Amino acid sequence: MVMQFQRWVGKLAVAVGLSLAFIANTYAEADPKLWAVMKEAFFAKREMKEVDFIKIEAPKRAESGAQVPVTYSIDRAAANGVVIKKLYAFVDANPIPLTATYHLTDALGDFQLSTRIRFETDAYVRLVGETEDGKLYLGSRVIRAAGGCGGMVENNEAEIRAAAGRIKMNVETPAKFGTPTMATFNIKHIMRTGLQRDLVSQGYVPAFYINKVDFAYDGKPLMTVDVGVGTAEDPYFKFSFIPASAGKLEAVATDNEGKTFSQQYDVKI
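Numbered per mature numbering (1 follows the signal peptide of the UniProt record, and there is no 0), the sequence shown spans residues -30 to -1, 1 to 239.
Hints were generated in silico from the structure; no laboratory data involved.
Computed from a prediction, not measured in an experiment: that's the story for all the values here.
Among the hints, erroneous ones may be present.
Once the Cα atoms are required to be at most 20 angstroms apart in a straight line, the calculated SDA-like pairs of lysine to any residue come out as [said to hold, decoys possible]: (1) LYS208 - PRO39; (2) LYS146 - ALA186; (3) LYS182 - VAL222; (4) LYS182 - ASN156; (5) LYS19 - GLY109; (6) LYS158 - ILE137; (7) LYS158 - PRO39; (8) LYS208 - LYS238; (9) LYS190 - MET152; (10) LYS190 - GLY148; (11) LYS9 - ASP196; (12) LYS19 - GLY51; (13) LYS105 - ALA6; (14) LYS158 - ASP184; (15) LYS190 - GLU220; (16) LYS190 - THR224; (17) LYS190 - PHE231; (18) LYS208 - ALA77.
Restraint ranges, calculated between C-beta atoms of paired labels, are given here [what the hints assert, rightly or not]: (19) MET18 - TYR174: 33 to 39 angstroms; (20) ARG16 - GLY173: 38 to 44 angstroms; (21) ARG167 - GLY189: 41 to 47 angstroms; (22) GLU33 - LYS105: 32 to 38 angstroms; (23) LYS15 - VAL53: 19 to 25 angstroms; (24) ARG16 - LYS208: 28 to 34 angstroms; (25) GLY79 - ARG111: 19 to 25 angstroms.
Backbone N, C-alpha and C fix where the C-beta goes; we use that ideal spot for every residue, glycine too.
Turn these sequences into a full structure, and let the hints steer you where they fit.
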């Protein structure tokens, strides 16, 4: 496990460095050449097939690079038997391109999730789906947005720390047992990237972010999200799942400093 982690960190470092180099030498318009570099850094020489059953919905131009709304979905019918177990979400021109990794279960049905992400400059969103046997599939979309990863910050540290970890969670009513039902999760957190500068000292503000959220229903795993700093402030996930009966939706989140936050929601008939 240690070796795997070290290799992954190494790939991430390469991708970050190459991304920054490309950004410095290109205009703001999304550059399709970035993906070849990113793909090699994260997936080496593994084959990857472009498909239309992995979908990304988003505005062509976002109002703010700090809060870009996106919806990811997987059309199982169109996938013809391909079952995605892991979904990697990238913004290929971001300094840290991997925004999140979603570990999926059958209880999600046809996967559909809405969230908000950050953009440093105009870029492609890339979703890479991985099956249990390691096959890779790609969906892509261009979005115009900028300025969401760095910049200057001036925050009240005491207020930020006091508010961090407050969770709001909801499930649509009436619950649709045996059919897809929407759940909403929102956690208060500043999600500092480590690339922002303090307005007074001009130094970099240390990264401080939610790094993982585990969802379960009646004690059974539903979805795990490995969260990156490319996820926008106050992480938001709206997703569908299939409750078989009345039960309890649970969410446990952790941050990069080791703190844990949790919430439960009773789903009733």
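Results of checking the hints against the structure:
no., hint, result
1, LYS208 - PRO39, "holds (11 angstroms)"
2, LYS146 - ALA186, "holds (17 angstroms)"
3, LYS182 - VAL222, "holds (8 angstroms)"
4, LYS182 - ASN156, "holds (13 angstroms)"
5, LYS19 - GLY109, "holds (9 angstroms)"
6, LYS158 - ILE137, "holds (6 angstroms)"
7, LYS158 - PRO39, "holds (17 angstroms)"
8, LYS208 - LYS238, "holds (19 angstroms)"
9, LYS190 - MET152, "holds (17 angstroms)"
10, LYS190 - GLY148, "holds (16 angstroms)"
11, LYS9 - ASP196, "holds (19 angstroms)"
12, LYS19 - GLY51, "holds (15 angstroms)"
13, LYS105 - ALA6, "holds (18 angstroms)"
14, LYS158 - ASP184, "holds (16 angstroms)"
15, LYS190 - GLU220, "holds (10 angstroms)"
16, LYS190 - THR224, "holds (19 angstroms)"
17, LYS190 - PHE231, "holds (19 angstroms)"
18, LYS208 - ALA77, "holds (15 angstroms)"
19, MET18 - TYR174: 33 to 39 angstroms, "holds (34 angstroms)"
20, ARG16 - GLY173: 38 to 44 angstroms, "holds (39 angstroms)"
21, ARG167 - GLY189: 41 to 47 angstroms, "holds (44 angstroms)"
22, GLU33 - LYS105: 32 to 38 angstroms, "holds (37 angstroms)"
23, LYS15 - VAL53: 19 to 25 angstroms, "holds (24 angstroms)"
24, ARG16 - LYS208: 28 to 34 angstroms, "holds (31 angstroms)"
25, GLY79 - ARG111: 19 to 25 angstroms, "holds (23 angstroms)"
In this structure, none of the earlier numbered hints is contradicted; all agree with it.
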